[in-house]
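Novice: The listed protein sequences correspond, in order, to chains E and U.
Under this note's numbering, the first residue of the first sequence carries the number 1, and numbering increases by one thereafter.
Under this note's numbering, the first residue of the second sequence carries the number 1, and numbering increases by one thereafter.
No wet-lab data here; the hints were simulated from the structure.
Since the structure is predicted, the reported quantities are computational estimates derived from the model, not experimental observations.
Think of the CB as a built atom: it goes at the ideal place given N, C-alpha and C, for glycine as much as any other residue.
Keep in mind that the hints are not guaranteed to be accurate.
[Claimed, not checked] Ranges between beta-carbon positions, derived for each pair:
#, chain 1, residue 1, chain 2, residue 2, range
1, E, A308, U, A334, 43 to 51 Å
2, U, G227, E, T235, 35 to 43 Å
3, E, Q149, U, G227, 32 to 40 Å
4, E, Q149, U, G341, 24 to 32 Å
5, E, R275, U, A334, 31 to 39 Å
6, E, A496, U, L177, 25 to 33 Å
7, E, G443, U, A334, 54 to 62 Å
8, U, R221, E, P556, 37 to 45 Å
9, E, A411, U, A334, 27 to 35 Å
10, E, T235, U, G341, 55 to 63 Å
11, U, G341, E, H470, 38 to 46 Å
Each chain, letter by letter, is given below.
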Amino acid sequence: MRRSIPTWPVAIAAALLAVACGAGLDGGDDGSYPDGGVPGDGGGPDAPLPPPCLGRLDFEPAQPVAGAHNEVVARIPEPLEVLDWQVLGPDGRPRPFQLADADRAAIRFVVDQPGDYTIFANSGCLFPLAVAGDGTIFKLRMVPTMTEQVPPQERDLALPGDVLSASGYDYTLERGNLAEGVVVDSAQAPVAAYVRATPIDHEDLSVETFTDASGRFAARVLSGEHDLLVVPQATGDRELAPFRIGQWTWEQATTIEVPASDPISGFVEDLAGDRLVGATVMLRIDGVPTTVDTTDGNGAFTVRGHIAADGSPATLTVVPPYDLGLPRLEAAMTVHAGRELAIRYRPSLVVRPVSGVVVRAYDRAASQYVAGAARVTFAGTIPVAADVDDGGGGKVVHASGEVLVEVEAGADGAVPPFLLPAVAGLSAVIDPVRGNLAVVALGAGGAVPSLLDAALEVPIHVHAIDDAEHGLPGIQVRAIPKGALAAASLTVPSYATNASGNVAVPLAPGGSYDLLVIDPRSTHGGAQREHVVTGEAFEDFILPGATPVAGQLSTPERQPVARAVVSLFCKYCSGPQSVRPLVRVLSNDSGAYQLPVPRPTAAPARARARR
Amino acid sequence: MRIAAAVVAVPLIGCFYTDPINERPSLEIRHIGMVKRNETAHFTALVHDDEPGVDLHWRAFTCTADGATCDETPFVDTTYDELTAMVPDQYLGAPVQAIKVRLEGRDHYRAAAPPVERLFAVEDTEPTVSLSSESSIAGLFRPGIAVTVSATVSDLEDHGDAIAVDPTVRDPMGNELELTTLPETSPAAGRYEWSFVPDKAGGYRFDVDATDPLHHTAHQRLTVTVGDDQPACLDRRDPAADAGTLIVSSNRRFVVESAVDDLDPFPDPDPGDDRPTQAQFHWFATSPAGGALVDAGDGPDFVLVPSHYAPGAQVEIRVEVSDRVARTLPCDAAAPTCSIGGDGCLQRFTWRAEIR
């Protein structure tokens, strides 16, 4: 039976935030409970009076989803006294929790199964928490047109499992505020800069803009606190360091003066201990990039950034000249002002010339390998490729290495000589002009065989079916490369199922993929499978049906938000589904939208595999 | 003498009596309107008699058009005062084209009126045809999109099956195109549906001749104007900021949120409908090895991975939109934007980013 639910999202939100103090001061309990105790079993004639019940308990996330590792933080907004906590699961059994706040105002616990949880706080004050099953919570992103003067924003969308259609998912979009300001240097001269305002806890809703010739910028941003990143453009020999203003709000956007920065200098040495010329160096200090410099004839560099007085966490990136075969370096460290960084490739790391390699691809017609033109990418990681010493007498930091060497084989398959680190764990991604993609794992010492053969691809067979096990035609299957394949920056083709719901997806032998199965018409939910390799034969990808969910977008002035892009994301998914929208629609001229939302089922989108 | 003759004559006049002589009646057949097959015809008699009360006898016969040959057996035989009868459809295997009405009458002296016969031509009206057209997608007539033409054919006398319907469609050059008769067609119900696929823009003339068994023909023409397919336009994009060089420090999705197109808008405004395609996007990005833009795949988004580039690298991310019609962009490969129409409808857009 079709059931329509006009306003329940509001109701559920209210319920989650509502107070349900079961006992209160006169709730029938006579004392406080020790951690882990049971309500009502504590106290005695001398037991102290219980503290008062609190008005509210906040949960983060507000609409949690069950999962073995899914945590919920319960927080008293205004701590009154020492609090006693207890968590009961849907089965009535106590759940372990950890204090998440020094003043005992918050706890953290795992919601391992869906159902109604009960959180006791302050001796008998009980707060209900509904935990949904997996796949029922979505993230709705709404991007109005530029003319609407409404910034992009997101809302959670929770869908109960027993409805076939739902309406009333109406959202009033915040109008936001026009932040206007001017970026100047210490001499009050305008600065050309990139400006990005990122709402706290909503990285995906960043608003970006640029200053004009007079240093002015304007952007419509949400209310609340943002991280404001300002990256001045290098002009001539003047290079100002990027900086961030934390807890920034739109009212602060008047005149922003680029703060004085700290120079961070150092040098880079190659495997032989010689100064390395032409390496690109940059740090990200507490998430903010520094300026970029290239080592000079003495292997020296100087970048500029902002370092706290007692040092700042930073990530160092060094990219050596491409033709030397050296790996790119990444190191997590603490950077201090005034100290010189000594970056030394490990002498134990060997980079050796490789020559005489011929690339071949399997020719089906000839039933044999045939040499030919190809692009070959050697990729892999080296746990420790260099040491970084800041001269402060502290611990030397290890830098990992990332190998990425690209070579082109000619028509005869011959690869010109090149340099490659002699380390384990490297792979060669072969992309022949004629033939299929293949990945070849190199030997333990990174030895490159004289013949690099791209083996014949082995397709996996995907069968997309609906809940009733009917084949679904036109379903899109994308194989997203991982590992060495991803490093090779390859394009991602997509394939569509035939009338029976079948499709053979060719995968590079030796490669690894995330497989994404999407209904481009959005009448069914999607499915994904991570770390898929060739040779796996899939039975079925079961795509759940979709529930039409309708709603209305409006401004606080009750004006419809027309032609807004409404995208639905899986809020608690991992992998490709977490960043790609499940469905994307436009609101109409009245601000109304209708989304086919993948239906939550007892057996949500899944893939069964057999070897 | 004269007086005696007069005296004799007076009683003679008063002694002779005779009944008036009964005139036999005469008849006329009257009919107003047209006589049509499969319809009721109504005839009245105009009786000329010296007394009322003439018994009438009507008979009607189907005849050939000239009345030279009529059925010997009347299709109606009645003694009512008026004749009301359904005109038959067929005579001698052909539509009835005339009927002969014979009227006889006798007065109550049994004096018979001279029989009267009149030949009435059976009227035949031509069929009527009405046409309408619709597109299989969004009400738009575009090359490559099937056009469905519906016809309703009716005839006052003839059943739908008896009407011969002959459709033709010609392209703007006057060439006849192939028509497909759709399953919804039901001649008995006078309902026809055909489809054709225009291959170019212009006016397509759709003509239908409907001919009844007596070769009365109706002709109807419908002109379907097929417009050019419009190139898709890139609409909303993420990042929306495009006036400068973006700073990219972590994996960054570049997304086309929407594209405007007559047939292939993105996203599909009505998910789940039978719209076969949406606008397609093709991406290019500066090679990590530097220099040229390289193919970066299809789809509504592209993920820029900064770890593939050196810090400070200047990267271009380009997207081009296409719809079902293959077009060559009229711009230099180095142009960051391109518009086929030279207006605000962009088919190419390029972001600039710096890796940090």
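Novice: Are any of the numbered hints broken by this structure? If so, which, sorted upward?
Specialist: 2, 7, 8 and 10
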